[in-house]
Amino acid sequence: MSAHAAPEHGEYTGEIAKPNTAWIWKTFWILVIITAAEFAIAFSMTSPGLRTLRNTIFIVMTILKAFFIVGEFMHLKHEVKSLIWTILVPTALLVWLVVALVTEGSYVGEVLSHMFSS
Amino acid sequence: MAHSTTLQPNAASAAYVDAPRTGTWDGGNEPFKASYGKLMMWFFLLSDAFTFGAFLTAYGLIRHKHGVFTGEAKDFFFSTAHWPIPEKVFNAFPGLHGVDLPLAFVAFMTMILIFSSVTMVLAVEAGHRMDKADVQKWLLWTILFGSIFISSQAWEWTHFINGTEAGTRMADGTIFHGANLTMNQYGPPLFADLFFFITGFHGTHVFSGICLLVWCFIATTNGTFEKRGHYEMIEKIGLYWHFVDLVWVFVFTFFYLV
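As given, the protein sequences belong to chains A and B, one line each in that order.
The first sequence begins at 20 in the working numbering and counts up by one.
The second sequence begins at 74 in the working numbering and counts up by one.
The hints are all genuine.
Calculated pairs, DSSO-like style, for lysine-lysine (alpha carbon to alpha carbon, straight line, at most 27 angstroms): (1) B:Lys309 to A:Lys96; (2) A:Lys100 to B:Lys111; (3) B:Lys309 to A:Lys100; (4) B:Lys205 to A:Lys37; (5) B:Lys106 to B:Lys205; (6) B:Lys111 to A:Lys96; (7) A:Lys37 to B:Lys300; (8) B:Lys147 to B:Lys161; (9) B:Lys205 to B:Lys309; (10) B:Lys210 to A:Lys37; (11) B:Lys309 to A:Lys37; (12) A:Lys45 to B:Lys205; (13) A:Lys96 to B:Lys106; (14) A:Lys37 to B:Lys111; (15) B:Lys210 to B:Lys111; (16) B:Lys205 to B:Lys111; (17) A:Lys100 to B:Lys106; (18) B:Lys111 to A:Lys45; (19) B:Lys309 to A:Lys45; (20) A:Lys45 to B:Lys210; (21) B:Lys300 to B:Lys205; (22) B:Lys106 to B:Lys300.
The set of hints was computed from the structure by calculation and includes no laboratory data.
Please put together the full structure from these sequences, using the hints given.
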């Protein structure tokens, strides 16, 4: 915020610049189109055999939406590199956590159904 | 009292003490070229991401622990033996009783939240230009969209708790409608528990966000930020608001789509 030439105290008397919002609406339309595509896929790829492929597409699209929200709306793309990595590297641990525990969940379910249903 | 205990050079004059310290070891440097407030907001959001990450990971584990409905979607029925297909649970819309509209209401809620994110970023942009009137306008829009979202969630919860007229026959032979923390008509009890906890925790975040935005609107109207010379507070609250939108993107995918 140091770039502002605004006075330290008192009413702001300077010229108010014209809004620069083209990039905001561009990001908005990207998010809307991805969301619309998600709905289209949810209702067109209903066959059980395609479930894995469908879910993979959903996850890729979700990460894409996250990229635009965090990168543009939260401005992270325009911060210094060290801040970008400080935020992104810890979240990478979550990916490992999800993979490990989803695998574990399937195993727990299998064990429970074999131990108690026969 | 404070002056006798703070560190200062022996030869310090009154003018030296009053002048802001800008040296490296006086806290004059900004790590990552981001202000203290914004950096702390980022770290808070990172920790919050882990909380929501834990919720969604627990959802993944519990869902995979339960059986999957293997047939065609049109033959689906509610049972504690398999995890429900989300579009069969969330298919109601206010005012359209008995009409099967899978995921229509959640689509509406998602759009509202995307809109609120856009109006929020427009408020931040207006703050950069020191345009008080625009900041007020966009903050009001954001508060409006946030309130619509949280009201929609209240409606969805009500519908989920009260259930459908048909209900589901439980193991003891009785018909059960809707859901609570121990029983639900939609499937395994944990399905309803996860719904309440994940969407509830997200809704709490939206509610906190609305409170912060209302405070921001009052402060903007009073000219607090104008006197301060910058609207950085709007940026920090904005970061929080976008994060809440980001969490919804993940909740939407993992709870409603997958």
